[in-house]
Amino acid sequence: MNEHSTHPADDASPAQNIEYRVAHLQDRLTKGEAAEQGVRVEARGPAVLLTGTVPSAQCRDQVLRAAEEELAGFPFHSDIVIAGTDSPDHAEELA
Amino acid sequence: MIRVAAVGDIHMGPESQGVLRPAFDTLPECADVLLLAGDLTRHGTVEEARVVADEIRGLAVPVVAVLGNHDHHDDRPDEVAALLEDAGAQVLEGRGTVVDTAGGRIGVAGTKGFGGGFVGRSAGEFGEPVMKEFVRYSRHCADGLRRSLEELGGQDCDVRVALTHFSPVAETLAGEPLEIYPFLGTYLLAEAIDTAGADLAVHGHAHAGSEHGITSGGVRVRNVAQPVIKRAFNVYHVQGREPAGAGAGAGDERRPADVPSPGYMT
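Residue numbers (the working numbering), protein chains in the order written: chain A, 1 to 95; chain B, 1 to 266.
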């Protein structure tokens, strides 16, 4: 019925759909070498934003590698930080 | 007063060997016990568990831990727990332990816990077998926590702490997408805590959540996921029971779980 159905435009194919790319990246981060469920992946206009805190620089590199592969063709921005490892400078009093 | 240090979600692997040890070595100066709130490894492998074990081995304060979902991912939770115990930690699942410290006697009841959601928005034990199993498992974990806290209630503890990986309350999930709350915790844990009574509840799991929360029964809840506290651990000073004779009725009776003291309402 749809005149475009037999001739899908490139940008309408599932492979070019940014939402599915985001979902597949999130799935890969969970199941893949990163095992990272703490990184949020969100479509922001024409790009993808990665945010969250990871335990090590190596983990961050794994996340970015996965993003480059899964989001091929889409620009992405990373605001991923590495968890702090300092001792606390004060305690909380639970009186 | 008992000084409780706690952290969860340290997600260690060979690449992070030694990163927390310098901070952990300062524990005797500021804490009586270290609680580890699960997700101590990235994939739950034996290799990663050895890294965690080396990180805590020989610490000058007692270590009490629960495992998290990441620690189950390689299907070897018993081996992970055994390695941590070999390094001196007590790993709890549906049981409690009492630690005698300079600050007092602290009882810790632990379970990993599980998801299911919160009051009015929770999963039900209905339908497909896997759905019923999901809810039953969560209830099983919560029942273990309640029993453990109740047993600790008869062991002359100055302070009782509920240690879980999943969250007992929604408050400490603030910052996470609402849609995933049912995967981050369950009210069943809070109900267990409020039924049996506790002085503090500590959990992890919600990396984008918030540190502070409280059960409807007035028990303070702290999300100590490392990404939330942004440190190697946080320290909470928990007031124990007043010495016997310090006040009318003090010393012999625990604060009823369902009747918060005025201080708990502030």
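If you're looking for bench data, these hints aren't it; they were derived computationally from the structure.
Please note: incorrect hints may appear among the correct ones.
Unchecked claim - Okay, derived cross-link-like pairs now, SDA-like style, lysine to any residue, Cα gap no bigger than 20 angstroms in a straight line: (1) A:31 / A:19; (2) A:31 / A:58; (3) A:31 / B:76; (4) B:230 / A:81; (5) A:31 / A:88; (6) A:31 / B:132; (7) B:230 / B:76; (8) A:31 / B:75; (9) B:230 / A:31; (10) B:230 / A:91; (11) B:230 / A:19; (12) A:31 / A:46; (13) B:230 / A:57; (14) A:31 / A:84; (15) B:230 / A:43; (16) B:132 / B:150; (17) A:31 / A:64.
Claimed, not checked - The calculated label-pair distances, taken between Cβ atoms and stated as ranges, are: (18) A:69 / B:1: 50 to 56 angstroms; (19) B:216 / A:72: 28 to 34 angstroms; (20) A:58 / B:57: 19 to 25 angstroms.
Said to hold, decoys possible - Examples of chain A residues lying across from chain B (beta carbon under 7 angstroms, computed): (21) 24; (22) 38; (23) 45; (24) 53; (25) 62; (26) 83; (27) 93.
Where is the CB? At the ideal position from N, CA and C, for every residue including glycine.
**Q.** Unmet hints by their number, sorted upward, for this structure
**A.** Violated: hints 5, 6, 7, 9, 11, 12, 14, 15, 16, 19, 21, 23 and 25.
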